[in-house]
Amino acid sequence: EDQVTQSPEALRLQEGESSSLNCSYTVSGLRGLFWYRQDPGKGPEFLFTLYSAGEEKEKERLKATLTKKESFLHITAPKPEDSATYLCAVRAGRVYKYIFGTGTRLKVLA
Amino acid sequence: DGGITQSPKYLFRKEGQNVTLSCEQNLNHDAMYWYRQDPGQGLRLIYYSQIVNDFQKGDIAEGYSVSREKKESFPLTVTSAQKNPTAFYLCASTPSPSYNEQFFGPGTRLTVL
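Read top to bottom, the protein sequences are chains A and B.
Under the working numbering, the very last position in the first sequence is 110; numbers go up by exactly one each time.
Under the working numbering, the very last position in the second sequence is 113; numbers go up by exactly one each time.
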């Protein structure tokens with residue numbers, strides 16, 4: 001069964017304390033892995049798409065990497081405004097099929 | 001500005017009443033999607049539409065209905081048959097069914113009293 005698991009469920013960091021979020025997946029026929037940021041009460045905001053193992057993408061303090069079994073979202077020197085829930089999703093198999101993880105709630109303390 | 005709008009932001013209904021959630025996009029996207037988000041669960045697909053006048057059931061379609069009469073509009077009706085309708089509902093779109101990145105609307109929080 002296709003599955004996406006994110007860990008940890010919640011993470012508290014001090015401002016400037018770098019860390020990584022994990023997204024492990026089990027799917028057949030991966031068409032893409034996506035990272036989104038979601039603020040409370042709002043819709044997800046697209047961050048990155050990764051297609052193949054070894055691929056990396058960066059945006060400001062965020063860097064996403066992909067292996068054959070998992071993806072990491074590295075946050076370097078986070079700021080309080082990085083506090084949000086980060087969602088991972090994969091697209092596999094049939095055209096419409098997106099599978100979402102439950103997210104990691106990140107809180108960055110000043 | 002181009003984007004996806006959902007209305008209303010908050011919706012309260014009595015148990016047993018049908019309610020329709022609006023989703024409009026001016027991005028000229030062909031494909032549109034409805035998701036449900038519950039605490040502690042990933043987004044779950046309710047319905048999707050790849051083109052006007054066509055739509056398919058997702059993983060949790062029971063108790064919901066949709067229409068796609070116009071390219072820019074994809075309303076979702078939550079019927080009285082939906083057992084646990086209280087949730088956060090998200091609409092998304094992509095330029096075409098094969099395009100990967102989804103663009104999401106701001107969401108509608110439905111509370112059934």
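Just so you know, these hints were derived from the structure itself, not from any lab.
Quick reminder that beta carbons are idealized off the backbone N, C-alpha and C, glycines included.
There could be a bad hint or two in this list.
[Unchecked claim] Listed below are the simulated DSS-like cross-link pairs for lysine-lysine, each with C-alpha atoms no more than 27 Å apart in a straight line: (1) B:LYS9 / A:LYS42; (2) A:LYS68 / A:LYS42; (3) B:LYS70 / A:LYS42; (4) B:LYS70 / A:LYS97; (5) A:LYS97 / B:LYS57.
[As the list claims (entries may be wrong)] Derived list of chain A stretches under chain B, where covered just means 3 residues or more per stretch with a C-beta under 8 Å from a C-beta of chain B: (6) 18-27; (7) 53-65; (8) 70-76.
Hints, verified against the model:
Among the hinted pairs, LYS9 of chain B with LYS42 of chain A is consistent with the structure: their alpha-carbon atoms are about 10 Å apart, no more than 27 Å. With a C-alpha separation of about 31 Å, the suggested pair LYS68 of chain A and LYS42 of chain A falls outside the 27 Å cut-off, and the hint is violated. Our distance criterion of 27 Å between C-alpha atoms is met by LYS70 of chain B and LYS42 of chain A, whose separation comes to about 25 Å. Of the pairs offered as hints, the one joining LYS70 of chain B and LYS97 of chain A holds, with about 23 Å between alpha carbons and a cut-off of 27 Å not exceeded.
The straight-line distance between the Cα atoms of LYS97 of chain A and LYS57 of chain B is roughly 11 Å, inside the 27 Å bound, and the hint therefore holds. Note: the stretch 18-27 of chain A has 0 residues with beta-carbon separation from chain B under 8 Å; the three-residue rule is not met and the coverage is violated. Residues of the stretch 53-65 of chain A with a Cβ under 8 Å from some Cβ of chain B number 0, which does not satisfy the need for three, so the listed coverage is violated. Given as covered by chain B, the stretch 70-76 of chain A fails the check, having 0 residues with a CB less than 8 Å from a CB of that chain where 3 are the minimum.
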